[in-house]
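Number of protein chains: 2
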Amino acid sequence: MKKISLEIGKSIPRFDAFAKVTGKEKYASDFWSPDMLWAGVKRAGVPHARIRGIKTDEAISIPGVLSVLTSRDVKGTNRQGVVRKDQPVLADDRVRHCGDPVALVVAKDRETLAMALSAIELDLEPLQAVFDPEKALEQGAPLVHERNLERNLLLKGSLETGKGEAAFEECDETVEAEFRLPHQEHAYLETEAGWAILRDGVLEITASTQSPFRDRYEMAEAIGFDMHRVRIIAPYCGGAFGGKDGITVQSLLGLAALNNPGRPVKMWWSREESILASAKRHPARLYYKLGAKKDGAFHALSARVYFDTGPYDHLGGAVMALGLEHSGGPYRIPNANLKAWSVFTNNPIGGPFRGFGVTQANAAMEQMVDLMAKRVGISPLDIRLKNALRRGDRNPAGVTLTGSTGIGECLKKIPASRLWQERETWKKAAPLYKKRGAGLASAMQGMGYGPLIPDTANAKIELNRDGRFRVFCGVVDMGQGNASTYLQIAGEILNQDMSGVELVLPDTARTLPSGSSSASRTTFTYGNALIKASKILKQRLLEKAADLLMAKGSEEMDIVPGCVRHMPSGKEMPLSALAGILSEAERTSVARYRTPSAKESPASDPLLTLHGIPHIIFSYAAHAAFVEIDTLTGRIEVKCYLAITDCGRILNPQAFEQQIHGGIAQGLGYALCEELKVDHGMILTPDLGTYIIPTSMDLPDMESSAVELHEENGPFGLKGAGEIAVNGPYPAVANAIADACGIRILEGPMTAERVLGALNALQRGEAQ
Amino acid sequence: MKKISLEIGKSIPRFDAFAKVTGKEKYASDFWSPDMLWAGVKRAGVPHARIRGIKTDEAISIPGVLSVLTSRDVKGTNRQGVVRKDQPVLADDRVRHCGDPVALVVAKDRETLAMALSAIELDLEPLQAVFDPEKALEQGAPLVHERNLERNLLLKGSLETGKGEAAFEECDETVEAEFRLPHQEHAYLETEAGWAILRDGVLEITASTQSPFRDRYEMAEAIGFDMHRVRIIAPYCGGAFGGKDGITVQSLLGLAALNNPGRPVKMWWSREESILASAKRHPARLYYKLGAKKDGAFHALSARVYFDTGPYDHLGGAVMALGLEHSGGPYRIPNANLKAWSVFTNNPIGGPFRGFGVTQANAAMEQMVDLMAKRVGISPLDIRLKNALRRGDRNPAGVTLTGSTGIGECLKKIPASRLWQERETWKKAAPLYKKRGAGLASAMQGMGYGPLIPDTANAKIELNRDGRFRVFCGVVDMGQGNASTYLQIAGEILNQDMSGVELVLPDTARTLPSGSSSASRTTFTYGNALIKASKILKQRLLEKAADLLMAKGSEEMDIVPGCVRHMPSGKEMPLSALAGILSEAERTSVARYRTPSAKESPASDPLLTLHGIPHIIFSYAAHAAFVEIDTLTGRIEVKCYLAITDCGRILNPQAFEQQIHGGIAQGLGYALCEELKVDHGMILTPDLGTYIIPTSMDLPDMESSAVELHEENGPFGLKGAGEIAVNGPYPAVANAIADACGIRILEGPMTAERVLGALNALQRGEAQ
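Taken in sequence, the protein lines are chains A and B. For reference, each letter of the first sequence is one residue, going 1 to 768 in this note's numbering. For reference, each letter of the second sequence is one residue, going 1001 to 1768 in this note's numbering.
Hints were generated in silico from the structure; no laboratory data involved. There's no promise every hint is true.
Within a straight-line C-alpha distance of at most 16 Å, the following computed EDC-like cross-link-like pairs (lysine to aspartate or glutamate) qualify [as the list claims (entries may be wrong)]:
no., chain 1, residue 1, chain 2, residue 2
1, B, Lys-1339, B, Glu-1555
2, A, Lys-552, B, Glu-1600
3, B, Lys-1289, B, Glu-1173
4, A, Lys-677, A, Glu-572
5, A, Lys-413, A, Asp-393
6, B, Lys-1552, A, Glu-600
7, B, Lys-1599, A, Glu-753
8, B, Lys-1599, A, Glu-555
9, B, Lys-1427, B, Glu-1637
10, A, Lys-599, B, Glu-1555
11, A, Lys-599, B, Glu-1165
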């Protein structure tokens, strides 16, 4: 560990690898003490009902049960949510989906807790419910929120550029299609978990969360406690993907701890509870129409996208806005009319998920591109190259791209791959009853919070008394490895190897607010702040050492591992000695960075701006999927996968590759097998035995490379890489299936059943 | 107090004025507690002797005496000194001047202390002593330090430019003269005082000092205690003028406290002890020869200057170096040969004193200028104007002046004064038996430590939780008012009035090292550091507030008293609210500033560089004294005084004027009445009844103005103003006396006796 270099551009092993693989790293679910209590909730179990009564007598009389709490015991607003605060901590008058929590129990152990939860009887009066987002917008539909001014509409948005719809008249060719994209469960390794204690008037919560600083005030307001007396500690997450961006266990744990002061309370959702209660990727219905000139130049686009956000906002408005912004893909389309709706239903909650609405829009748009390619008789690659955005172009959302714009470069690298070059030979070599196809997809993903919510990070770095640099990281590492990259950044600037740096994970009492771990922003935003802070500290140390060694000035000094050196004489001063002389204020440096946002506003509803668009910095990718279809069973096997990414300069190739591979794996799951079956609001796939995620055995060989365009705003030229890869697999696979068999599966996931159905229909000569 | 503006350029009343005039401000001598002990020292009383024995039995047996300590009780090096550590804390084998401390007594009260000190018997074997600095350099002179390699020479230096001495052959006119400049006692209001306690392993010393951070390691080494466990607190000084730049009571107090742990020990020198033991302005002998062309253009200069540093270095080498550097005055002299010596004697200790060697050199050079003016028949003003340095010139020390160089501008403003315009009329109106004269002097003073010792300051500023800004000041305010100017600087940048700022005085445990309060450097160096720190903090607060108020960016924000305001909307966030949200690291800013030094080195001994020359930034002044001489008694009265100063931009006109007036008063005392009579090393003027300093009644009306050239390195364009004014009065008065009566008093001070003697000699036709 000692001598591991931290140079930017090198594959640095994760700082947390050893602690994690040996089980030493403590996740939120790992906290334990002999005197701890367990908290859990009774959930509604029905999709829509009025609460007539909650019988808790029996539960509270069970020995070992300390509290049974209902909404009446919540002192605050009892409402949480990042943008619109509409989700109750504990349901008061109504339940709006099956997973709504109704009563909170605190008990001495898990068995007693389970008994008490079963002993609670809910007296619920069923209400008419709504499960179809388009029907939900119709007059007379049952209302999810009876007092919402716009009935079941959470947010709608539209973007129009050029002549909009009218431009279709100028097109030589037009293609139209409708797509249905499914729910997706985050399925993180670590389910929702936390640990809380009220001690000396301070409510301390350790939780698996992506947003500790925001949790603090969101939770404090909801449960009625002084925010300044709340401390949130965020260990590494065992996966999150957006599902822990916002409150999960925090308010419930806070409530439990407030009612049981002095004793630690633990909450840890089972997998089943997690699937029942947690937010999912929004299902979407997408109606697309794309027009082009004869030569394949895109000329007009119309998109209508409906997102089913379930009963609560939970960033559903923002997800819709981002989907809308990206609905035209990374192409020049001079005329566009784009519309989207986010709609309340009594289905499971829709919420943030890697890709954040872009995944769904891209799945549709990239299939439209292939449909148009076929129509005008150009190859899928050529039509993409022809229309790919370049720096200086306006994107379909109407924003002029002033930063690095590498979609063209990504696409141009596709033919360099042998996989691609030899695809026709490979396709022809398909075994009996199998068909092979290759499909392309472009992808783009905006970085950061967009214009209105300041997208900032505050870095802090300290030279310890022992001569090591301690990075105070305010943004969560949910498993993606950004924390290690921070050490690499500090190590590069301060010229230390891994033995010279250490990390403090997010903790509202120790680290500085740096926003959520989301929106492909962590390394970009915190990284930039950390670069500033490290440079300030470095300069300060050089100056101090210059003073102490009586050098002519800091320009004669440099930092080497463990020491500051006077370069002309070679005299060295150990960092520990320097630290011993400096006051804490001198050994500590803080810096803030704010991500730039677009200066143009697409002509649209200002509410859209509030929900985070438009963006100005985007990552891009070109993907190719190589699939083999068993025409007898419909089974699809992705044999190989190619991803070329423009996310700026790669700081750590290994960490980059992990992000890309992970995104592809999650995208392939979404495309092919992850099917959350929901019937009348009830989840029929309540566990990982029925909701199938791909294992490593299901995944293809992946070939990943990058076009390392330098993004001038980025830390060392980087752009975010956390989400981009999840947007390619769905359409790449869909296009590959079409290439293999001439069928197009319009509703996801593209399971064997649906493929076989489509193959049969094709055989029967039915129209798709 | 509340609404007092802190704008730069305004006369701001001192922050400390109210506390000082009401007696609430605690000086080092004001500390008191019921359990405190008193410490005092037995001093040698003879100028040079070997210590055969110290009888302490009787003293220690006096009830109430806790310790009687001698050099054997000192665990450290028992040596102190800023550059050369040659001064014992307690004399060991020898005493080298009458004030040398031999034994330290700690007693329960002052009376017991006095009894014990009298009861100590010293067995001293007298040694041959040396009192004349020139004789001290002769072979066979008694040695002050028997092991000093260069015998009685502490340091010599020489600077040569152009052809040096050889250029006198090219001169049309040459004038020569010898001057003897006297000792000067600092005579601060507050004599040396301090308060120490050893508590929990930490030695805490509160002392009247100009250099708390340096004291810490100087003292720690001398008494053998871990520097990191020493805390020095430096309250406002009641005057210092250089006399508290270095150790006075600190080591003795430290020793007393180490031997009496847990109880506070106080030491407070009486006026008589202060005059006996403290350092003085160095007496100097100056041999000058100035050559000029017919038109009055200076062409060659030779100077030989001997400084009597007494028995110890105590910055005597640095004082000599500075005197040498300035010995040619602010003039273009293409050829110079300058030499100086700092010599050990058994006289009182010579040490730092406002002007720092420049006062003596300038007193000689400015009289040479008048002698030459008379010789070539040009007015004293014209000859100065003709030869005055301009930016880009090389000064007599060989350094090219790249900064603001306003001596010409100062001189040009002299004729604008009515005092000057009407001087001939005024002179003619002299009463019977009185003669009047007007005399000019230029002056210059280099700023800062010079090239080798990094001249740095470290500022710290914090936004308190209550919304006020706290300036942590690491450099002492010895009465000159720099601390108030720091608040003004912070207030200007952070747009606060006086109610919005507060101050922490120097304290090695709370504030950051910022060097000594000396060398005209405090406001320049710490001020520059504070500007940086304040700007950093301001920007951080604007950014934070922008984030919190969801503004587009910090450019939309500004600070107003008590608040951060979003300018477009007028929305305000109280600083206290902002402070409540920020962590301490974010609310705190530190910055370091290092004063630039000359990049050229005059061709000379590298030892000179070690002693702080050359400088690159200088303040300048032109002074005029208007004197009236009673020809019957020799009494001299300075009737009016004019000072025009170039110390860059004036930040606080009132504070500036106080510095100039104070410098002139001290300079006039040096010129006219302050005579430390020393006979064979014994001070014959042991108190303020015999050593006469001017009172306000003795001082003339003073007219002070400034040419506010902008110094680009300075804080808001400032240069130091603390010393420059002390350098003018001596030569201005001497030149005025010559102007009035045709006599020149070559030995100072220029008392009535000496004037009368010279008048009588003139009458007798004797040569001067």
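Hint by hint, which ones does the structure fall short of? 1, 4, 5, 7, 11
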